[in-house]
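Trainee: Here is what each chain is made of, one letter per residue.
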Amino acid sequence: MSDAVAVGPAYRSSRRRLAFLFAALVIAVLPLLLTSGYWRTNLTLCAINVLLAIGLDFILGYAGQLNLGQSAFYGLGAYVSTLLITKFGVHFWAAFAAGVAFAGLAGMILSLFAVRLRGHYLAIASLGFAVIVHQILLNWISLTQGPLGIYGIPPPPAIAIPGLPPIEFSNQVALFYLVSAFALLAYLLLDQLVRSPIGEALTAVREDEISAQSLGINANAWKVFAFGVGAAVGGAAGCFYATFVGTLVPDAFFITESFTILAMVIVGGMGTLIGPVFGAILLTLLPELLRDIGDLRLVVYGLALTLVVLFMPGGLVQGWELLRRKFAGARVAGGR
Amino acid sequence: MSEILLSAKSLHKSFGGVRAVRDVSYDIPQNSVFAIIGPNGAGKSTMLNLISGVYQPDTGSLTFAGADMAGMPSYRRVRLGIARTFQKIRLFKQLSVLDNVVAGFHIHHDIPAWQYLIHAGAFRRDHARCREEAMELLSFMGLARRHDTLAGSLSYGEQRMLEYARALATRPKLLLIDEPAAGLNAAEVDTLLDRIQTTRKRDVTVVIVEHNMELVMTVADRILVMDYGQRLFEGIPSDVQKDPAVVAAYLGGELT
Chain C
1 MSDAVAVGPA YRSSRRRLAF LFAALVIAVL PLLLTSGYWR TNLTLCAINV LLAIGLDFIL
61 GYAGQLNLGQ SAFYGLGAYV STLLITKFGV HFWAAFAAGV AFAGLAGMIL SLFAVRLRGH
121 YLAIASLGFA VIVHQILLNW ISLTQGPLGI YGIPPPPAIA IPGLPPIEFS NQVALFYLVS
181 AFALLAYLLL DQLVRSPIGE ALTAVREDEI SAQSLGINAN AWKVFAFGVG AAVGGAAGCF
241 YATFVGTLVP DAFFITESFT ILAMVIVGGM GTLIGPVFGA ILLTLLPELL RDIGDLRLVV
301 YGLALTLVVL FMPGGLVQGW ELLRRKFAGA RVAGGR
Chain F
1001 MSEILLSAKS LHKSFGGVRA VRDVSYDIPQ NSVFAIIGPN GAGKSTMLNL ISGVYQPDTG
1061 SLTFAGADMA GMPSYRRVRL GIARTFQKIR LFKQLSVLDN VVAGFHIHHD IPAWQYLIHA
1121 GAFRRDHARC REEAMELLSF MGLARRHDTL AGSLSYGEQR MLEYARALAT RPKLLLIDEP
1181 AAGLNAAEVD TLLDRIQTTR KRDVTVVIVE HNMELVMTVA DRILVMDYGQ RLFEGIPSDV
1241 QKDPAVVAAY LGGELT
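These protein sequences, in sequence, are chains C and F. Position 108 of the first sequence, counted from 1, bears residue number 108 in this note's numbering, the numbering being contiguous throughout. Position 169 of the second sequence, counted from 1, bears residue number 1169 in this note's numbering, the numbering being contiguous throughout.
Treat the hints with care, since some could be wrong.
Just so you have them, the derived chain C footprint on chain F, three or more residues with Cβ under 8 Å [stated by the list, open to error]:
id: 1; segment: 1006 to 1012
id: 2; segment: 1094 to 1101
id: 3; segment: 1166 to 1180
id: 4; segment: 1235 to 1243
Some chain F residues well away from chain C (every beta-carbon gap over 12 Å; in silico) [claimed, not checked]:
id: 5; residue: Arg-1019
id: 6; residue: Ser-1032
id: 7; residue: Ile-1107
id: 8; residue: Asp-1126
id: 9; residue: Ala-1151
id: 10; residue: Glu-1163
id: 11; residue: Asn-1185
id: 12; residue: Leu-1193
id: 13; residue: Arg-1200
id: 14; residue: Asn-1212
id: 15; residue: Thr-1218
id: 16; residue: Tyr-1250
DEER-style ranges, computed between Cβ atoms [what the hints assert, rightly or not]:
id: 17; chain 1: C; residue 1: Leu-322; chain 2: F; residue 2: Glu-1132; range: 30 to 36 Å
id: 18; chain 1: F; residue 1: Gly-1142; chain 2: C; residue 2: Leu-32; range: 55 to 61 Å
id: 19; chain 1: C; residue 1: Leu-298; chain 2: F; residue 2: Arg-1171; range: 52 to 58 Å
id: 20; chain 1: C; residue 1: Val-26; chain 2: F; residue 2: Asp-1203; range: 51 to 57 Å
id: 21; chain 1: F; residue 1: Thr-1198; chain 2: C; residue 2: Arg-116; range: 37 to 43 Å
id: 22; chain 1: F; residue 1: Asp-1194; chain 2: C; residue 2: Leu-310; range: 24 to 30 Å
id: 23; chain 1: F; residue 1: Arg-1171; chain 2: C; residue 2: Ile-161; range: 48 to 54 Å
id: 24; chain 1: C; residue 1: Val-309; chain 2: F; residue 2: Met-1213; range: 48 to 54 Å
Just so you know, these hints were derived from the structure itself, not from any lab. Glycine residues also receive a C-beta, built at the ideal position from the N, C-alpha and C atoms.
Let's have the full structure, built from the sequences with the hints guiding it.
Mentor: So, in structure tokens, the structure goes:
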């Protein structure tokens, strides 16, 4: 073998475009196949959870910062946008932008902990942040109405397209399309980011901070960036959640939500973007599919999680790779 | 003598009660190989960390290419042209050999901001160029065939070579190498020696901390000998062995 080796992996943008079109097709077809309100609700929840999971994965899987505060960003996005709409009559999309920006800003503030703390200490600090945000939502009754909750949150305003009937988001399918289109867009942009030198810098910080600094990478600045982006994506999920469910109570953003999102990322495969997407879909649908077996479903759910972490620490992505290699191997063997 | 690239003026650095560096001054001429030697605990690695910005000196100043580096964090010194390797190897173990070197191009990307979100022409050119240059550096260090391997599964000697390649990717003016020959076999030391000499021919000034005296004597233009954090001697290699203070420090003899 000579020293002139072709540099892989090649930049396969055509295959990515195909995968993107396929994903768009699946999104378009699903609500037409699953026509019950129950399943359409689950589909929209899947899209919301995908946003939460890829946001956390950007912080945890790429920048390597153990963030247990994702539920707080989720809640901040939901409450900020909703309060702006219901109390101040702000237009939905302006409130949406504000909710996303506020969550992103909160993420950047929390990242100041990440500048000083790492590993378990950061986990505890971010968990503490999630507790504080939950407590504020619960106890600032004059603003959030506390445990009584906020009711009657309107859907996003209809979009009028000349020559066509307006798109009403009170229609469940239209709202599903809106949320999943946004999730797809967020995925695409994050995918571009992580495969750019920004992704290289984040991964370098994850792997070895001192080493990264020795290459001119400002580790602290990149942590702030990762937290800002990941939290903003989580905030967007919150805005959609509020308008989708129509009701907000603080307990929707309790710290257990952080662990659920964490489980989605781990089950899917940290440090890949596609893994958490499937992790989020699986962990949204699995409890629903297991509903028939009553309380036993929690046992099955917990068992499935434990098995994945024990035997497939790389998550679904690792499982897929193993399968692919096995079948590729079988093909080679069969060809002889 | 040619121009001075790095100038240290009475540097002090203490850790609690330990005075790791005490009143050390020296000038490093451009395009030279400057070796720092001394017994264990003499303050050599601390000196390297002061230059690279991992530590800041308690007092004293460091001037690099005319710029005062007081208070400048390590990642900014890289932009001035200071790169380093580590005594205890610090690679990105879970990344491929190629990606380790590509990470070293961090400060040299030429991409308009929007193309980080939508990869277009300039992005692709930059992407291809970085990988091409990274492969050149890997070839230079004899690692081209290993480009797809995870850095963590390279042999010890290969890991040292990879760290060297990664540091070169930042296109340094000053390369700091901390005990590069530690744990290398004789053949690998020869390769390293050759690469250091080539590096220097490419207008890179090299500061090397090393215990392998044969390597130091061959490659160094000037040598700084440290002991107990102090400067014992500074000069050309042929004078080092004649210096009674150095001989005393190394052989444990008494000064008369």
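Trainee: The structure should be examined with respect to each hint, and the outcome stated for every one.
Mentor: Each hint, compared with the structure:
{"no.": "1", "hint": "1006 to 1012", "verdict": "violated (count 0)"}
{"no.": "2", "hint": "1094 to 1101", "verdict": "holds (count 4)"}
{"no.": "3", "hint": "1166 to 1180", "verdict": "holds (count 4)"}
{"no.": "4", "hint": "1235 to 1243", "verdict": "violated (count 0)"}
{"no.": "5", "hint": "Arg-1019", "verdict": "holds (24 Å)"}
{"no.": "6", "hint": "Ser-1032", "verdict": "holds (22 Å)"}
{"no.": "7", "hint": "Ile-1107", "verdict": "violated (4 Å)"}
{"no.": "8", "hint": "Asp-1126", "verdict": "violated (8 Å)"}
{"no.": "9", "hint": "Ala-1151", "verdict": "violated (9 Å)"}
{"no.": "10", "hint": "Glu-1163", "verdict": "violated (9 Å)"}
{"no.": "11", "hint": "Asn-1185", "verdict": "holds (22 Å)"}
{"no.": "12", "hint": "Leu-1193", "verdict": "holds (21 Å)"}
{"no.": "13", "hint": "Arg-1200", "verdict": "holds (20 Å)"}
{"no.": "14", "hint": "Asn-1212", "verdict": "holds (23 Å)"}
{"no.": "15", "hint": "Thr-1218", "verdict": "holds (26 Å)"}
{"no.": "16", "hint": "Tyr-1250", "verdict": "holds (30 Å)"}
{"no.": "17", "hint": "C:Leu-322 x F:Glu-1132: 30 to 36 Å", "verdict": "holds (33 Å)"}
{"no.": "18", "hint": "F:Gly-1142 x C:Leu-32: 55 to 61 Å", "verdict": "holds (58 Å)"}
{"no.": "19", "hint": "C:Leu-298 x F:Arg-1171: 52 to 58 Å", "verdict": "holds (57 Å)"}
{"no.": "20", "hint": "C:Val-26 x F:Asp-1203: 51 to 57 Å", "verdict": "holds (56 Å)"}
{"no.": "21", "hint": "F:Thr-1198 x C:Arg-116: 37 to 43 Å", "verdict": "holds (42 Å)"}
{"no.": "22", "hint": "F:Asp-1194 x C:Leu-310: 24 to 30 Å", "verdict": "violated (49 Å)"}
{"no.": "23", "hint": "F:Arg-1171 x C:Ile-161: 48 to 54 Å", "verdict": "holds (52 Å)"}
{"no.": "24", "hint": "C:Val-309 x F:Met-1213: 48 to 54 Å", "verdict": "holds (51 Å)"}
Of the numbered hints listed earlier, those contradicted by the structure are 1, 4, 7, 8, 9, 10 and 22.
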